[in-house]
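Given only the sequences and the hints, what does the whole structure look like? Please build it.
Number of protein chains: 2
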Amino acid sequence: MKIVLLGSGNVATHLGRSFKMAGQDIVQVYSRELENAYHLADSLAAEAVEKLEDITSTADLYIIAVKDDAIREVAAGLSLTDQLVIHTSGTTDMNILDGISDRIGVFYPLQTFSKSKAVDFRQIPIAIEGNTEEVTSTLKGIADRLSEKVIELNSLERRTLHIAAVFASNFSNHMYALASRLLKTQNLSFDVLRPLILETALKVQTNDPADMQTGPAVRKDYNTLEKQKELLLQDESTLELYEKISQSIINYDKQG
Amino acid sequence: MKIVLLGSGNVATHLGRSFKMAGQDIVQVYSRELENAYHLADSLAAEAVEKLEDITSTADLYIIAVKDDAIREVAAGLSLTDQLVIHTSGTTDMNILDGISDRIGVFYPLQTFSKSKAVDFRQIPIAIEGNTEEVTSTLKGIADRLSEKVIELNSLERRTLHIAAVFASNFSNHMYALASRLLKTQNLSFDVLRPLILETALKVQTNDPADMQTGPAVRKDYNTLEKQKELLLQDESTLELYEKISQSIINYDKQG
Numbered sequence: 000m001k002i003v004l005l006g007s008g009n010v011a012t013h014l015g016r017s018f019k020m021a022g023q024d025i026v027q028v029y030s031r032e033l034e035n036a037y038h039l040a041d042s043l044a045a046e047a048v049e050k051l052e053d054i055t056s057t058a059d060l061y062i063i064a065v066k067d068d069a070i071r072e073v074a075a076g077l078s079l080t081d082q083l084v085i086h087t088s089g090t091t092d093m094n095i096l097d098g099i100s101d102r103i104g105v106f107y108p109l110q111t112f113s114k115s116k117a118v119d120f121r122q123i124p125i126a127i128e129g130n131t132e133e134v135t136s137t138l139k140g141i142a143d144r145l146s147e148k149v150i151e152l153n154s155l156e157r158r159t160l161h162i163a164a165v166f167a168s169n170f171s172n173h174m175y176a177l178a179s180r181l182l183k184t185q186n187l188s189f190d191v192l193r194p195l196i197l198e199t200a201l202k203v204q205t206n207d208p209a210d211m212q213t214g215p216a217v218r219k220d221y222n223t224l225e226k227q228k229e230l231l232l233q234d235e236s237t238l239e240l241y242e243k244i245s246q247s248i249i250n251y252d253k254q255g
Numbered sequence: 000m001k002i003v004l005l006g007s008g009n010v011a012t013h014l015g016r017s018f019k020m021a022g023q024d025i026v027q028v029y030s031r032e033l034e035n036a037y038h039l040a041d042s043l044a045a046e047a048v049e050k051l052e053d054i055t056s057t058a059d060l061y062i063i064a065v066k067d068d069a070i071r072e073v074a075a076g077l078s079l080t081d082q083l084v085i086h087t088s089g090t091t092d093m094n095i096l097d098g099i100s101d102r103i104g105v106f107y108p109l110q111t112f113s114k115s116k117a118v119d120f121r122q123i124p125i126a127i128e129g130n131t132e133e134v135t136s137t138l139k140g141i142a143d144r145l146s147e148k149v150i151e152l153n154s155l156e157r158r159t160l161h162i163a164a165v166f167a168s169n170f171s172n173h174m175y176a177l178a179s180r181l182l183k184t185q186n187l188s189f190d191v192l193r194p195l196i197l198e199t200a201l202k203v204q205t206n207d208p209a210d211m212q213t214g215p216a217v218r219k220d221y222n223t224l225e226k227q228k229e230l231l232l233q234d235e236s237t238l239e240l241y242e243k244i245s246q247s248i249i250n251y252d253k254q255g
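Same order as they appear, the protein sequences are chains Z and P. Its first residue numbered 0, the first sequence is counted upward by one per residue in numbering that gives the first Met the number 0. Its first residue numbered 0, the second sequence is counted upward by one per residue in numbering that gives the first Met the number 0.
Worth flagging that the hints you see were computed from the coordinates, not collected in a lab. Heads up, a few of these hints could be off.
Treat identical chains as interchangeable: a pair holds within one or across any two.
[To be verified] Pairs of lysine-lysine residues, derived as DSS-like cross-links and limited to a Cα-Cα distance of at most 30 Å, are as follows:
hint	residue 1	residue 2
1	Lys66	Lys183
2	Lys226	Lys19
3	Lys19	Lys66
4	Lys66	Lys50
5	Lys183	Lys228
6	Lys66	Lys1
7	Lys183	Lys148
8	Lys148	Lys228
9	Lys1	Lys139
10	Lys19	Lys139
11	Lys243	Lys228
12	Lys50	Lys183
This is the structure in structure tokens:
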């Protein structure tokens with residue numbers, strides 16, 4: 000299969016590597032910034048392209064892995080008829096590709112990518128959606144070769160998954176960052192929290208997170224909550240988060 | 000060493016098991032609820048006690064592992080002179096034990112304990128504090144036999160560590176729980192987020208969490224933030240958390 004990769008960020012980089020390792024042929028890498036295109040194209044033995052009009056129309060698959068608000072513009076620059084075109088965004092509906100080709104779809108790998116860190120793509124869930132059964136089935140075949148965890152989701156389901164992932168990953172990472180900053184006020188090393196963080200994530204690998212909740216809020220230990228707030232009086236926005244999240248734990252109901 | 004364990008909750012249970020495995024002699028387990036005392040005492044080959052006046056005064060170490068607001072009351076019920084008495088609370092100052100014995104201290108294991116799940120105590124940081132150098136040094140000797148990660152912290156440092164742990168563990172777990180509930184609105188399984196959660200925790204084992212932050216907020220992708228908020232309009236308190244935490248990510252400065 001001949002693939003054109005549009006984008007050169009984290010998702011494009013990891014997807015490009017994975018397709019390459021799965022034996023696919025990446026023919027072109029497009030980026031508005033030629034240097035970025037060169038860098039990624041080099042490692043994939045592909046041609047670097049900085050103008051949309053230089054993109055070949057003879058590839059089998061066009062993967063648009065650019066920022067959400069650039070998807071439409073990049074897609075509109077392609078001259079295609081029925082070649083398969085997909086984007087990789089969790090938040091963006093498939094229909095943003097309407098009219099670009101007869102065969103459109105979405106291919107959303109659910110992971111927190113850092114360019115510098117290798118990932119085991121086989122374990123990364125990939126949510127797919129196609130505008131016809133044929134496209135969905137083709138995308139499933141493609142995704143199955145990269146990951147053991149392929150799921151079909153419509154656009155609303157995918158958006159829900161994406162926001163859930165923001166809570167589970169971006170927001171939990173921010174809790175680590177706030178913890179790290181609190182420790183710095185006493186010159187304490189973040190090392191001391193690392194085993195706790197790992198254990199917290201490991202516990203929910205086989206359990207429901209609501210059943211694993213510990214700490215003063217879930218115990219409704221208002222005494223401790225008040226004492227902890229005293230320590231945050233110098234840091235208004237962290238104090239507000241402490242109060243809001245504690246209240247959310249106290250009020251939590253699994254069914255919403 | 001002869002140990003009296005006061006309390007029968009998660010911390011008492013895990014500490015009791017660890018001391019036992021380290022070859023110490025747990026002579027008594029106290030709980031206001033005799034059944035709980037029996038249950039834990041049984042597994043430790045200790046005597047179960049439900050009245051404070053039945054606690055022996057000939058042990059070497061008294062570990063008060065009860066709820067924070069019960070520490071003083073339990074301690075006041077002991078008749079001791081210079082036997083070593085410690086509590087296990089992160090939030091409570093050592094001086095709550097003033098006057099109970101000449102030798103008082105704190106022994107705070109930093110972990111999220113669930114009774115049902117075994118933990119590797121060797122990897123759990125233990126923060127110790129003693130009212131004299133002799134006590135601190137004795138506690139260090141005791142803690143070193145349980146854990147590779149013993150640190151000396153004063154009461155303010157320990158309280159800071161405790162609140163940092165609330166962010167890093169309780170609050171991140173709550174982010175998982177909110178994610179789980181969001182997925183349920185579309186009948187999606189939490190399984191799909193589990194690899195992402197683990198990867199997020201693994202990344203900060205060797206990196207600074209602020210450097211690992213991904214997602215729309217840290218990219219200042221206001222477009223995506225607005226689109227995600229639309230999905231939360233039915234759930235006011237989750238929407239408010241989404242806004243506050245996103246804003247906190249946008250404003251985050253490592254130095255505070």
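Quick rundown of the hints versus the structure:
1. Lys66 - Lys183: Close across copies (28 Å), not inside one copy (34 Å); limit 30 Å.
2. Lys226 - Lys19: neither (55 Å within a copy, 33 Å between copies)
3. Lys19 - Lys66: Answer is within: at 22 Å inside a copy they meet the 30 Å cutoff, but 56 Å across does not.
4. Lys66 - Lys50: within (17 Å within a copy, 66 Å between copies)
5. Lys183 - Lys228: within (17 Å within a copy, 32 Å between copies)
6. Lys66 - Lys1: Within one copy, since 23 Å is at most 30 Å while 64 Å is not.
7. Lys183 - Lys148: between (39 Å within a copy, 19 Å between copies)
8. Lys148 - Lys228: between (42 Å within a copy, 27 Å between copies)
9. Lys1 - Lys139: For Lys1 and Lys139, the Cα distance is within 30 Å only inside one copy (17 Å; across copies 63 Å).
10. Lys19 - Lys139: Intra 17 Å, inter 54 Å, cutoff 30 Å: intra-copy only.
11. Lys243 - Lys228: For Lys243 and Lys228, both the intra-copy (12 Å) and inter-copy (17 Å) Cα distances are at most 30 Å.
12. Lys50 - Lys183: Answer is neither; intra-copy 47 Å and inter-copy 43 Å both fail.
Hints 2 and 12, counting from the list given before, are not met by this structure.
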